[in-house]
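Just so you know, the sequences run in chain order A and B. Going by the working numbering, the letters in the first sequence line up with residues 1 to 348, in that order. Going by the working numbering, the letters in the second sequence line up with residues 1 to 408, in that order.
Just so you know, these hints were derived from the structure itself, not from any lab. Treat the hints with care, since some could be wrong.
Under the rule of at most 20 Å between Cα atoms (straight-line distance), these lysine to aspartate or glutamate pairs were calculated in the DMTMM-like manner [claimed, not checked]:
| id | chain 1 | residue 1 | chain 2 | residue 2 |
| --- | --- | --- | --- | --- |
| 1 | A | K131 | B | D150 |
| 2 | A | K218 | B | D354 |
| 3 | A | K218 | B | E390 |
| 4 | A | K37 | A | D208 |
| 5 | B | K140 | B | D354 |
| 6 | A | K37 | A | D266 |
| 7 | B | K187 | B | E51 |
| 8 | A | K129 | B | D283 |
Next come the chains, spelled out residue by residue.
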Amino acid sequence: MAAPAKSANSATVNHPEAPSSVQNLTIGKALNLGLRKAMEDNDKVLILGEDVGKLGGVFRITDGLQKDFGEQRVLDTPLAESGIIGTAVGLAVRGFRPVCEIQFEGFIFPGFDQINSQLAKLHYRTQGKIKMPVVIRVPYGGGIGAVEHHSESPESLFAHLAGLKVVSCANPVDAYWMIQQAITSDDPILFFEPKRLYHSGALKAPVDTAATPEPLHKSRVIRQGTAATLVGYGPSVQVCLDAATAASSEGTELEVIDLRSLSPLDLAPVFDSVRRTGRLIAVNEAPSESSLTSEIVARVQQECFYSLEAPAMRVTGFDTPYPPAKLEEHYLPDLDRVLHAVDRAMNW
Amino acid sequence: MSSPEQWAHPDQGAESAATTVQPTPEQVIAGLRATTEGGADLIQLLTPEGERVPSPIFDPYVADVDIESLRELYRDMVIVRRADREANAMQRQGQLGIWVPLLGQEAAQIGSGRALLSNDMAFPSYREHGVGYARGVDFKELLGIFRCSDQGQWDFARHGFHPYTIVIGNQVLNACGYAMGQKFEGKVGNPESSGGENEATICYFGDGATSQGDVHEGFVWAAVYDAPLVFFCQNNQWAISEPTERQSRLPLYQRARGYGFPGMRVDGNDVLGCLAVTRWALDACRNGNGPVLIEAFTYRMDAHTTTDDPTRYRLSDELEAWKLKDPIERVRVHLTRNGGADADFFAEVDKAADDFAAELREFCFTMPDPPPERIFSNVYAEPSPVLDAERDEFLSYLDGFATAGGER
Chain A
1 MAAPAKSANS ATVNHPEAPS SVQNLTIGKA LNLGLRKAME DNDKVLILGE DVGKLGGVFR
61 ITDGLQKDFG EQRVLDTPLA ESGIIGTAVG LAVRGFRPVC EIQFEGFIFP GFDQINSQLA
121 KLHYRTQGKI KMPVVIRVPY GGGIGAVEHH SESPESLFAH LAGLKVVSCA NPVDAYWMIQ
181 QAITSDDPIL FFEPKRLYHS GALKAPVDTA ATPEPLHKSR VIRQGTAATL VGYGPSVQVC
241 LDAATAASSE GTELEVIDLR SLSPLDLAPV FDSVRRTGRL IAVNEAPSES SLTSEIVARV
301 QQECFYSLEA PAMRVTGFDT PYPPAKLEEH YLPDLDRVLH AVDRAMNW
Chain B
1 MSSPEQWAHP DQGAESAATT VQPTPEQVIA GLRATTEGGA DLIQLLTPEG ERVPSPIFDP
61 YVADVDIESL RELYRDMVIV RRADREANAM QRQGQLGIWV PLLGQEAAQI GSGRALLSND
121 MAFPSYREHG VGYARGVDFK ELLGIFRCSD QGQWDFARHG FHPYTIVIGN QVLNACGYAM
181 GQKFEGKVGN PESSGGENEA TICYFGDGAT SQGDVHEGFV WAAVYDAPLV FFCQNNQWAI
241 SEPTERQSRL PLYQRARGYG FPGMRVDGND VLGCLAVTRW ALDACRNGNG PVLIEAFTYR
301 MDAHTTTDDP TRYRLSDELE AWKLKDPIER VRVHLTRNGG ADADFFAEVD KAADDFAAEL
361 REFCFTMPDP PPERIFSNVY AEPSPVLDAE RDEFLSYLDG FATAGGER
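Isolated chain A, as found in the complex (with noise of 0.2 Å):
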């Protein structure tokens, strides 16, 4: 990636060959440094969680961040996720701008009906008297070598949910633009992070807090191709890069899409892409029953139904609950169960 243009005040610059507002990150410093910026602009801006204050939270995401903001706004909280959120409910109502932590996604169901029931339906029921400017955190997906409830998918039981939004971050400059952009949302957002990637340096990209980000809502494509079209969210990006990258050194180039976001959904970049591929294969980890890829493939056909040269196919977990970690290597997508669609699609 090249060097963004120095910015206006770049009088400061140290080092004359990158400008100082960039910074080469892994996914989960890029959080901490855009959660901390975000608590810099708006002092309404507090954290709830487990564990995040003097830990900074199992994965570290808010690390030294209660240290410099003070416990009134990095709150560690009760080990209760009804109470998190439904307390984040209450600040929200009286004006502030929370941002909770759920340690595991598996943990997140004791506040699910705070999530659905006030979280999600307060601006409606109030017809917008009451705002709901609050982001829940959520780290998921597999891949760690976890006990049960650390490494499940459940982004579609919230991105079926109206009144909510959904998003999913897959690299380092997402990971630092989203997660401000969600808290500045006057709407209520869940924020799937990519657990394993967190720490990931080969994932470490430059990041340059000058830059302008692109919306929250929308969709990108990330690998331009020509054979068929692969979206991906979340750690499932990582998976359909490594593929198209396989694809090529073969002579197939795929397009690949980041979603970014999975309420709402913005697909007219694959609908786009699709017309142009006449192939489709949606990859998530989650099981693929009334999941996110069940959405992407049912509107694609709606929308690219005689651009279609296949049927859109889906690589995606089992229908099973989360297996034994010794067996996710088979459970969880992967380069070659992609490819192994992307065959079925280019042959069929």
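Go by the hints and put chain B onto chain A.
Positioned in the frame of chain A, the structure of chain B alone reads:
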């Protein structure tokens, strides 16, 4: 208020039941059964017979309540009851989809509602029509919810009265968050001399809700964050068909001790008692000594809602016994006996209540149905092209009927 041993009754020493050794099983059952007796710990300023009972602790909190104020409390309760009966009747006529009667709980709601100051915030469940009235919400604005034409549209911030919450117990955590916010904003514990404005929050829930995890979590959170929150539990003895002993082995107010804050039981049919105890509790919260649990021991004299049939699960004897403790009648007797009001006053109040009901009725009958596009409005704060498209498609589908000669 120096130690938990005195919390059950502020300043009453260590003899209160909340702090004595384990109650016997017989005591537990006696304390829980749907009964007319609130037990030895019941705080009461006005007996069912209309006798004023002195209370060194709570009298100061109603020292300003002269005959005129008591007449106003009486008027509030009569109007709220009359409106409640009118709404119930309108449901029977098919004008409301459902009604949730408050009959019998007027004192608990008016007493606690009138204890609030304008900066305080109240989080109701769905039966708190009386509290809403006390907060200045036009009773008409409650009807849309039950006519199913809206979901509550009063000015929540101006009235300090949050939307109704239908999922049992959810509002307790929401209220707790709001109260935490009051504290974070420095609206708690400011000395009077500083001129600082203190605030508190009250949340309403019933005996059934005390079994919900959210209420437990609300107790825990409010306690550990010292939130200025009054938990106002109207124990009306019945959670639809389930009596209080299906929710607890312990009188509900005594649960507070386990969470580390004061709990007290007030005669929920005593408007003066409810006013005094709630003022005490709100003061404690504003001064930074919250939270507080109040159990208002009362009785749901009508059904859970208009869809309910209490004859299937309780005896009418019980209702007859509670009628003797009617919240309005005791104020009437007290006023009469003390020369505070004559027949003209009571007739005037009844007339005002009838007028209020007639106005309510006329309003309800002429309420317009919401237009179809209302389905799609305000799902999100930010623009939603997806929903705009869905709305436009549906409206154009509806228009197709008009074009075809039908009526939309």
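For each hint, the structure was consulted:
Under the criterion of a C-alpha separation no larger than 20 Å, the hint pairing A/K131 with B/D150 is consistent with the structure, at around 17 Å. Of the supplied pair hints, the one linking A/K218 and B/D354 is violated, its CA atoms being roughly 58 Å apart against a limit of 20 Å. For the hint linking A/K218 to B/E390, the alpha-carbon distance of about 19 Å falls within 20 Å, and the restraint holds. For the hint linking A/K37 to A/D208, the alpha-carbon distance of about 13 Å falls within 20 Å, and the restraint holds.
At most 20 Å may separate the alpha-carbon atoms for a hinted pair to count; B/K140 and B/D354 meet this at roughly 15 Å. With a C-alpha separation of about 27 Å, the suggested pairing of A/K37 with A/D266 is violated against the 20 Å cut-off. Of the supplied pair hints, the one linking B/K187 and B/E51 is violated, its CA atoms being roughly 38 Å apart against a limit of 20 Å. A C-alpha spacing of about 29 Å is found between A/K129 and B/D283, which places the hinted pair above 20 Å, so the restraint is violated.
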